[in-house]
Amino acid sequence: MRKNKEAKAARRAGRIKTPEATFLGELANQQSSKYRLAQGFGVLFTVSLVLQAWALANVFSDMALHQSFSLSLLLLGLFALLLRALANFGRERICTSASRDIRYGLRRKLVSHLTNLGPARLRIEEDAALSTRVYEQVDALDDFFSRYKPQVFMVTLIPCAILLSVAPVSWIAFLVFMMTAPLVIIFMIFVGHKAAQANRRQFSVLAMLSNQFMDLSQGLAELKRLKKTDEARQRLSDSASAYQKTTMSVLVLAFLSTATLELFASLSIAMIALYLGLGLLEVLPWQVGSSPVTLTQALFLLLLAPEFYLPLRQLGNDYHAKQKAEAAATDLLEILNTGSQDNFEDANQVAEVDYVSSASQLSLLSFRNLSWLDEGRYRLAPISADIMKGERVWLSGESGVGKSSLLHLLLGFEEDYQGQFLINGKSFQQINLPDWRAKLAWLPQTPEWVNGSIRRNLLLGLGSKEGTALPSEEDIQVALIKSQCDEFIQALPAGLDTKLTELGAGLSGGQMQRLSIARALLSKADVWLLDEPCSGLDQDTAQAVLDTLHLVSKGKTLLIVSHDTHPILWADKHWALTKGGLNEQSRNKNREAIA
Amino acid sequence: MSNHATKTAKLSLKSLLLANPLGFAVPVLVGIIASLAGVALLGVSGWFISAAGLASAMGSALVFNYLTPGAIVRGLAIFRTAGRYGEQVTAHNHLLGLLRTLRLWVWDQRVAKDSANLHEQSRGDLLQRLVSDLDQIIRWPLVVFLPWIYALLAYAAVAILAYFILPVLLWPLAFAAIFHVFVVPYVCGRFASHAVHVGQILGVHRRSRFVSLFSALITLTIRGHWDDYAQRLEQLDERQRRTEIHIQQAVSLGRLLAYCVTIILLASSFYLAGSFDSATGHWALLEGVQGTWMVGFALSILAVNELVLPLVQSFVAQGQSQVGLRRLNQLHQDAQSSSEQPIKKIEQLFFKTWRGYHASSGMGSPTVNMTINHGEFVWIRGISGSGKSTLLASIAGDCLSSGEAFINDEKYPIYSNPMYQAQLSYLPQTPYIFQQSIAANLHLGNPNATDEQLWGVLEAVALADWARSLPNGLETLLSPQGRNLSGGQRKRLALARLLLRQAPVLLLDEPFDGLDKATIETICHSLQNDYKPDILVLVSHVGSRIGDNARVIEL
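Going line by line, the protein sequences match chains A and B.
Mapping to full-length UniProt numbering: the first sequence position 186 is 186, numbers consecutive.
Mapping to full-length UniProt numbering: the second sequence position 45 is 45, numbers consecutive.
Do not take every clue at face value.
Unchecked claim - Part of the chain A face toward chain B, derived, beta carbon under 8 Å:
1) P119
2) S249
3) L280
4) L336
By construction, these hints were calculated from the structure, which means they are not laboratory data.
Built from N, CA and C at the ideal position, the CB exists for glycine as well.
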């Protein structure tokens with residue numbers, strides 16, 4: 001909604017601003033004081049440019065005509081050159097620092113946003129792809145903020161300053177500049193547009209090529225077994241050659257238009273040089289015998305001519321920086337726009353009647369008409385149910401009915417729910433979230449591992465806070481025996497100090513799941529939340545893991561999400577979640593149904 | 001195999017330059033022409049105007065030959081533009097060729113790697129990094145080498161001019177050239193190349209820590225420890241920021257230095273070319289030094305200044321390319337002497353005190369002795385984690401093993417032995433489906449298979465009905481890693497591909513997982529009739545008709 005309004009406002013202003021452009025503009029505004037300072041340096045740069053041209057023109061003309069020149073003017077010219085270098089230095093330092101502040105601030109914001117999203121971040125992309133966005137894509141904004149953005153100002157400043165200083169010297173040169181400048185700009189827009197198109201096309205083909213390379217590489221083991229590696233190599237080679245051909249035909253056109261622009265600038269410099277030369281020789285057809293300019297003025301104009309077109313050409317070169325930044329902004333906005341709805345309704349909710357009844361005071365968890373509406377669609381249909389302390393509940397249902405969402409609510413990562421959600425009779429909003437979370441153990445489909453030893457992973461986040469001691473070696477052994485990890489860990493050459501990587505160091509899926517059970521035991525958590533712990537495992541392994549869970553989770557409060565293919569026969573309750581709500585099946589009926 | 005030597009050579013920056021010397025010579029030449037034309041454009045037009053001014057002041061304007069210099073100025077302008085254009089086009093062409101060469105190099109290295117260690121490089125983000133390293137490296141000749149050549153030659157051209165004006169001018173010019181082309185880039189490099197290297201490595205480190213921490217986000221959050229860990233992530237970011245500042249400072253300072261060298265060069269040139277005339281308070285040029293030529297000289301120095309500025313930055317690209325190269329060279333494999341000893345048709349397999357294991361963990365199957373004869377079907381069973389799959393993979397020569405293998409009573413090394421693997425078809429637990437059409441995936445099994453054969457084999461694995469229901473039939477494009485297929489479909493498609501090979505030995509790892517009874521029945525029927533192998537080894541926890549008729553090995 002808000003976006004629509006913004007778009008409308010922008011259109012009313014006569015200019016359509018994409019969300020990306022708005023986003024980049026807002027980021028730049030954070031550093032507006034630095035950019036203003038950079039503009040100050042830009043003015044200094046321009047002034048020294050004109051001063052240098054004027055001083056050197058005087059020196060050069062004296063040198064040509066009288067074989068001598070004024071030392072002070074030479075020094076002035078060289079000083080102006082130095083000033084120009086210094087101004088450039090200052091401008092560069094400020095712009096890069098502004099870009100750094102913007103990017104590192106944005107990155108911090110993105111990381112904390114992703115942290116708050118919790119499991120919902122995976123709706124955007126998997127972690128590896130998110131890391132690309134957070135690091136590479138944010139850095140892709142650099143050229144835009146450090147070069148393109150300040151250059152836009154210089155593009156208007158320098159030509160205007162040069163026009164002003166040329167006007168009193170020669171009207172013809174002034175007119176040549178005036179006439180060519182708009183043409184150059186029109187060309188620029190045209191060329192920029194063309195180049196952007198070519199760029200985009202090239203980008204997508206390049207992505208396709210990388211994709212093919214990745215695909216073949218990932219299946220390399222298969223290709224080796226099939227003895228088809230040479231064929232695959234040929235395919236890579238052929239498509240690279242084909243890509244080279246098509247890209248070149250696109251690039252030839254793109255460069256051609258840039259070249260036309262360059263030629264234009266070069267020729268107008270040459271034109272001015274020729275005009276000045278002929279003028280000095282007094283052979284201009286319309287004023288033979290008199291010179292329109294003095295030598296000093298002519299040299300002044302000649303020195304300024306290339307500088308007139310230079311910023312425009314630079315902007316043309318930096319145009320891809322803008323393209324790159326906008327492409328990156330699309331990806332970054334997707335992160336920032338996920339789950340960022342403002343929840344105005346929360347205030348109303350707190351004021352709602354408290355459902356606290358005697359029944360829910362006994363139960364550990366109670367849901368009263370709990371639902372989760374996301375963009376007008378139920379992510380979770382309204383449910384009402386209770387879980388007593390020490391009860392083990394099996395939650396099943398088709399994918400997409402909100403099983404995982406319910407777990408995310410319990411983990412405290414989603415606050416946009418409707419209805420009531422009570423813990424020990426207290427509304428979820430009133431409880432102390434860190435205290436509640438400390439009671440939880442989380443066992444998702446793919447166990448959560450960091451790079452490091454098995455021991456480090458077992459103790460992940462345990463101890464060292466508020467006086468809680470780290471579990472002793474004995475505790476670890478007990479937990480390992482209970483979760484039936486002891487055998488395979490003893491078989492490992494490095495035992496508990498074996499490094500776990502994302503590959504799992506040769507451990508099977510079932511063994512990894514057992515290790516997370518051991519971790520849950522070590523954490524002494526009372527409430528275990530399990531999200532399809534068996535879905536990646538084959539039948540036998542899954543059954544064995546579930547049997548272990550049955551034994552070790554006695555006395556704990558358990559909510560386990562599992563498909564009907566992996567029934568939890570020992571659960572106290574079976575909840576079947578559907579689009580319409582929750583059906584509770586009694587324990588006995590449940591067993592009969594399975595049998 | 002004439003290119004075998006280049007296939008396995010290590011990569012170096014020099015080899016990048018010499019990868020396609022002719023293709024590279026064109027952009028270099030054109031670029032040189034364009035750069036020199038750019039310098040000459042300013043020099044000649046400066047001289048032309050001042051000479052014209054002088055001529056008109058001397059009253060000899062009407063006899064001054066203005067047409068030739070005018071034409072030269074216009075010609076140079078065109079040369080410069082056309083040269084730049086030509087350079088861009090040819091250089092990009094060369095760059096794309098280089099990309100192809102490097103990609104194939106990486107491919108060759110990966111093919112040369114033995115099967116057991118292959119998977120450690122197959123992870124998505126590592127490959128992604130390889131691809132971006134490649135893109136980084138191919139830019140090296142364009143960003144580092146070419147600007148350097150241009151600057152050097154531009155200095156040489158100005159030196160010729162200086163020699164004609166006043167030979168003593170060569171001295172400051174030589175000093176400036178040494179400073180501009182060698183000293184300043186070197187000093188900047190010394191100052192910051194460490195930061196460039198650190199930055200590159202930090203970047204990878206930061207990324208992997210991000211992935212590692214975020215994969216345990218919820219556990220860390222509910223334990224209340226996320227903030228500590230997030231802080232470490234922030235510290236890494238802070239370090240990266242400091243290296244970035246360091247590099248940017250080096251670049252900016254380098255540019256300032258380059259400017260200063262130019263200013264000193266100009267000042268000393270004027271000093272050497274003249275002497276102070278105390279009468280007028282002016283600085284007069286020495287006898288024999290043409291003022292007009294001096295103007296041209298000074299202007300060309302300003303033009304050279306523009307050419308040397310990019311050199312300052314080159315150390316960044318240099319460092320990035322070096323890190324990229326080093327990483328790529330980690331892939332490098334020495335040429336393997338794989339046994340090319342031919343193996344006769346397999347009649348019997350005998351494994352003595354045989355054990356398959358994983359190098360990383362040392363875990364694997366129990367030690368077994370087994371003989372498998374022609375026409376025999378074997379079903380390996382065992383509880384989960386007993387090492388069935390590892391044993392099968394080691395029999396397939398895909399996984400490390402200890403013990404001895406005999407084929408037809410002769411001892412052979414079978415690990416990664418292409419001669420052996422040519423005679424068998426192995427279906428792993430998670431086979432790979434390529435992002436190509438169904439037909440292309442199947443043709444990997446047998447490139448000459450007709451459409452009838454393809455339909456036949458799809459029928460055999462009960463996929464024909466599914467394939468017929470697709471709008472594009474056999475030409476349907478499969479999504480990356482076969483993601484639009486179910487696990488069972490992926491496996492059956494891979495099985496179909498293997499059946500097309502008609503290899504005498506067939507090794508199947510859990511082919512029936514997640515399939516219904518009727519489908520299992522169809523596959524069993526095919527394996528016992530039309531697609532019957534000489535030897536079949538099956539690992540499965542699901543019972544089937546094949547299993548019932550097979551010899552059972554219990555692990």
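Exercise for the section: May I ask which of the numbered hints given earlier this structure violates, with the numbers listed in increasing order? Expected result: 2 and 4
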